[in-house]
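K.L.:
Chains as they are written, first to last, in my numbering: chain U, 1073 to 1712; chain H, 1073 to 1712.
Possibly wrong hints are sitting among the right ones.
For identical chains, the list gives no copy identity; a pair is met inside one copy or between any two copies.
Cross-link-like lysine-lysine pairs, in silico, DSBU-like; alpha carbons within 35 Å at most [stated by the list, open to error]:
hint: 1; residue 1: Lys1241; residue 2: Lys1669
hint: 2; residue 1: Lys1537; residue 2: Lys1609
hint: 3; residue 1: Lys1334; residue 2: Lys1241
hint: 4; residue 1: Lys1403; residue 2: Lys1226
hint: 5; residue 1: Lys1123; residue 2: Lys1408
hint: 6; residue 1: Lys1242; residue 2: Lys1403
hint: 7; residue 1: Lys1241; residue 2: Lys1099
hint: 8; residue 1: Lys1403; residue 2: Lys1178
hint: 9; residue 1: Lys1547; residue 2: Lys1669
hint: 10; residue 1: Lys1154; residue 2: Lys1710
Hints listed in this document are in silico derivations from the structure and should not be mistaken for laboratory results.
2 protein chains.
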Amino acid sequence: MKHTITFVPDNVTVEVDDNTSLFKAVKAAGLYVLSSCGGKGNCGKCKVIIKQGSVESGKSRSFLSVEEAERGYVLACLSRVKGNLLVEIPQESRMQAKHKIATGAKTDELLQLMEAAGGCLESRISRVYLELNPPTIDDNIADYERLRRCLDKKGFDASLLHMNYLVLKKLSHVLREGNWNVTVSVFKVSAVLEVLDIYPGNATRTRYGAAIDIGTTTVVVYLVDMSNGHIIGTASTYNSQVKCGDDVITRIVYATERNGLKELQDLAVGNINTLLAELAEKNSVAPGMIDYIVVAGNTTMAHLFYGIDPQHIREEPYIPTATFFPLIRGKNVGFKIDPHAILYSMPNVASYVGGDITAGVLVSQLHKQDAVSLFIDIGTNGEIVLGNKEWLVTAACSAGPAFEGSGIKFGMRAMEGAIEEIEINPKTHEVNYRVIGDVKPIGLCGSGMIDALAEMYLSGVIDQKGKIREELGSKRVRRGESGLEFVLAWRVESAINKEIVISEVDLDNLIRAKAAIYAGFATLLSQMGMGFGDIDKMYIAGGFGRYIDVERAITIGMLPDLPVEKFQFLGNTSIMGAYYALLCDRLRREAEEIARKMTYIELSVSRNFMDEYLSALFLPHTDLNAFPTVKKQLEERKAR
Amino acid sequence: MKHTITFVPDNVTVEVDDNTSLFKAVKAAGLYVLSSCGGKGNCGKCKVIIKQGSVESGKSRSFLSVEEAERGYVLACLSRVKGNLLVEIPQESRMQAKHKIATGAKTDELLQLMEAAGGCLESRISRVYLELNPPTIDDNIADYERLRRCLDKKGFDASLLHMNYLVLKKLSHVLREGNWNVTVSVFKVSAVLEVLDIYPGNATRTRYGAAIDIGTTTVVVYLVDMSNGHIIGTASTYNSQVKCGDDVITRIVYATERNGLKELQDLAVGNINTLLAELAEKNSVAPGMIDYIVVAGNTTMAHLFYGIDPQHIREEPYIPTATFFPLIRGKNVGFKIDPHAILYSMPNVASYVGGDITAGVLVSQLHKQDAVSLFIDIGTNGEIVLGNKEWLVTAACSAGPAFEGSGIKFGMRAMEGAIEEIEINPKTHEVNYRVIGDVKPIGLCGSGMIDALAEMYLSGVIDQKGKIREELGSKRVRRGESGLEFVLAWRVESAINKEIVISEVDLDNLIRAKAAIYAGFATLLSQMGMGFGDIDKMYIAGGFGRYIDVERAITIGMLPDLPVEKFQFLGNTSIMGAYYALLCDRLRREAEEIARKMTYIELSVSRNFMDEYLSALFLPHTDLNAFPTVKKQLEERKAR
């Protein structure tokens, strides 16, 4: 039996089988609904409103308020279609890509940074213009041999020449079309010189490449003119895999289910295909002109992108299939723009420290310094690197995606409608906030959460354990459906016709996340017999890292209490490192050296880490003396 | 408008558009009809009989006798369908594959020959059994890195390891399926070590390879057990491309027409797929176990097999796209049995001297001898090599396919029904002949033609120019539709209910062919300042070469008048050389050295060749003193 479902406000209608989950119906309609758990009923994000008809709904735990239930809210993943429906996907359940993802692409700045890191325009693929002698009856060697001879004369060692089958097929035509003047793309691996493509005439100036950051949350693409290193276009989007789960673990589980791996691969590659096609069209880059692509992502993203089963990544002893991926052709993963482009993945280190981190270290250049630095990419995984030119250790502290909105009732990403700054009056406990886009708020993003935590703590709304002080008597403190909660924005202020609150459950999740990060730092340092005092520089990477307020992050004990001048924001080092490796083969090899040099510490089995984590489950920390500036702040506030 | 055509005796019916050529209709029905010219109305081979209905026929030159025309014979390629038809494809117009093609495969003999040539079982692909340490939390490198480490320990330099995408995809599963004991196929090109495939457990003994001879006329396949070099099966068939034309020039023309290239490729690859599938099934070789394939063929066959446009091969200055073909995967040409098998083509020398000749020289080992040898592959092309360990020169004398039956009214290949031996009584001019299969004759094959020419000359039926002596008054001499002809078999003796004759036109074609071969020898020798007296050995290769009667061939002046002991028959050196290269990488490299060392002489623009050719258009030659044994024979016959 089939049922018809119409989704509003999109006005898209689909027909599905009886008993289909509404979550799948949304997908079938080509629409998106938020989901952190991939449709398992564990996150409560996929709220939709049944406007006409009815569904059979499973238990939705405490995700829906009584009021929501009365208004027809259900969780799409727990609802089964039993008849024709009219369903609304409310604004709060949608992916909102209106707020531009920071791509951080400033060619001049990036080129300068790359040069400062010892890089230059020296890609591993080069275009060579050749003027061949036309054949005669006395000089009648084959076309391929003629090309080899000319390359030899140009100084290339063509004794081991290889040519792709499809290039060989067109060789004779292109040579004659160009009247024996042609341009070849050549690529050298060891002693083998491969001709990747051939063009009539002089085509040395029309070479393009792409640097791609495949984040768990976002995908960013730079289209680069390889002749001068200029970024001629940037584009970004949310990683469509998000609908299969927010974090890497959920996606690995999703991948092991029926056809899930292929689906996840297609989603990420689909994002890239769309972005690249847009960029190429906008910048009049002809198909076939993009011949080299460097991607950076965490190890799971790399596996999914290559379509390689990631299941052993999440099972002890946590083994990825590959950390150094072989070069492959674009078509192998489903690239449409240029199926023959060479695809390189930034080298990964271990299951939970990926190519994005190698790229980050490359950009930070901490591996060349005498002094010891800490590096952190604050994302879902919270990867940390500690080291200098002598040694590098690394770990992932599994902070989880709380600061990206997952597991936080009103959590959301840094986009329009997100509260990004909060101040709480320590006397009245009144709240001031700033919303991205200066609109009515929908929820709060990472920096808003850090602010909320810091301000609630400093103003005494919560205690050192993150418990709300009910005795405060504030009208903003109330008992909600999941325990005590604090109202950040009243219903009238919000864009979603309900209060935006932060609950004790939310606070607990945030404290766990920040504790994991801090414990990661502390564990790596103690592993090396060091303390925070030995740190010369603290590099913060990640899109998130652009907006973080260091002082607030120190207040909640997420970052160590170091002098502010020691912190340096690097931005999206994943895409930056991919850009370096794209343009400069020396830096690409340097990234491989970095990856080889890094010693990975598995924190999930570390007793030390567990101890440090438990000590960090306080605000800012069990040992307040480790946070002298916070101690001082608290004393100052009390004194007021 | 559509018409229905039924072919008998096959009883196959097709529906074709109005005005379709009957030649195409035969193809559309999946049937074969002989054709040397590929359906251009130039060879007269595609005779069919209209039993019911009528066709619109173009001029068929003198290909059909009055009697044939009366009996409903038409040329399929010149007939257009205008209504429903009942068409008979007579026996004489069919490809007859009953007579087994000689594959010449005797493992022991071949292995001994290969060893005598300095070869051994040392393929460029090897299977390596690895026992890996299972991962632990303290030894948690990626699967791919673990494999690399183990290969390194085994003595392979895996610093530049490459793995095919599809192998990488299954890596984690195979490692665990084999409980960390696996077998890898590895392939080394320069410093790059490529893992071609991986198998659970020990699979070192189940490796197979194939040596393939792609002849213009026949395709021969050896399936080889790579662990011991044994030929576990051989198979052969006629090259289905024959229906698109007998010789390479006709096929090149066919290839340049709409989709012709793809069609020709598919025909040859289809033959190989069929043969390999049969052999694999018969010998229980599982798919995926054939990982290395070496093909040998002339340069045009190689181009067609790779699907590469051969058009410039036939246009001055005669340039092939490639002589050394890059390694490709089976799937690139449409191999079904093992799409990932590595495909190697024996190196070619020039447009008209191909990998079959390089293979032939490799087998002859003339390139290692002090004394000077001549090598000839008597096929359609008549490729010749002259040289020793110091130097090698080569040429193709474009003998044409006359000795394979093309352009000869009753010419046919060496199969059942072909007259293969002829004797003519010098007094009575009565004819004795022997037919392959001891059946009634259909026509005559190469050795029969040589005999006919030699016997007609020695018995005085024809003069030195090949003209029939009408004044002889023999009842076998008569004036036919294309001039004077000599009856070899009377109507009652033949299987086709008509006389089998050899006409002056046929004789002329045969003399041209033999003259081209002899002129080729003479030109190469004079190029090197040598004469026939300097030749120590004369190697004769080709399936044809197995049946040739040297003395008769000397009589007609096709072969030089050397002592019989200097001649050595080598058989199908094309497949033998491919077999050597398959098993022994050293011999494969030796073949490349041979190809590089050979200096190609383009005879078609050589004035010297033209002179030699004109002098050779006599029986046996203008200069009878160059053929002392023939001179003696003539004198003896006269004296009788």
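K.L.:
For every hint, state whether the structure bears it out.
P.N.:
Each hint, compared with the structure:
no.: 1; hint: Lys1241 / Lys1669; in the structure: between (43 Å within a copy, 26 Å between copies)
no.: 2; hint: Lys1537 / Lys1609; in the structure: within (30 Å within a copy, 99 Å between copies)
no.: 3; hint: Lys1334 / Lys1241; in the structure: both (31 Å within a copy, 12 Å between copies)
no.: 4; hint: Lys1403 / Lys1226; in the structure: both (31 Å within a copy, 34 Å between copies)
no.: 5; hint: Lys1123 / Lys1408; in the structure: neither (40 Å within a copy, 55 Å between copies)
no.: 6; hint: Lys1242 / Lys1403; in the structure: both (19 Å within a copy, 18 Å between copies)
no.: 7; hint: Lys1241 / Lys1099; in the structure: between (42 Å within a copy, 27 Å between copies)
no.: 8; hint: Lys1403 / Lys1178; in the structure: within (30 Å within a copy, 44 Å between copies)
no.: 9; hint: Lys1547 / Lys1669; in the structure: neither (55 Å within a copy, 96 Å between copies)
no.: 10; hint: Lys1154 / Lys1710; in the structure: neither (59 Å within a copy, 107 Å between copies)
The structure does not agree with the numbered hints 5, 9, 10 stated previously, though it agrees with the rest.
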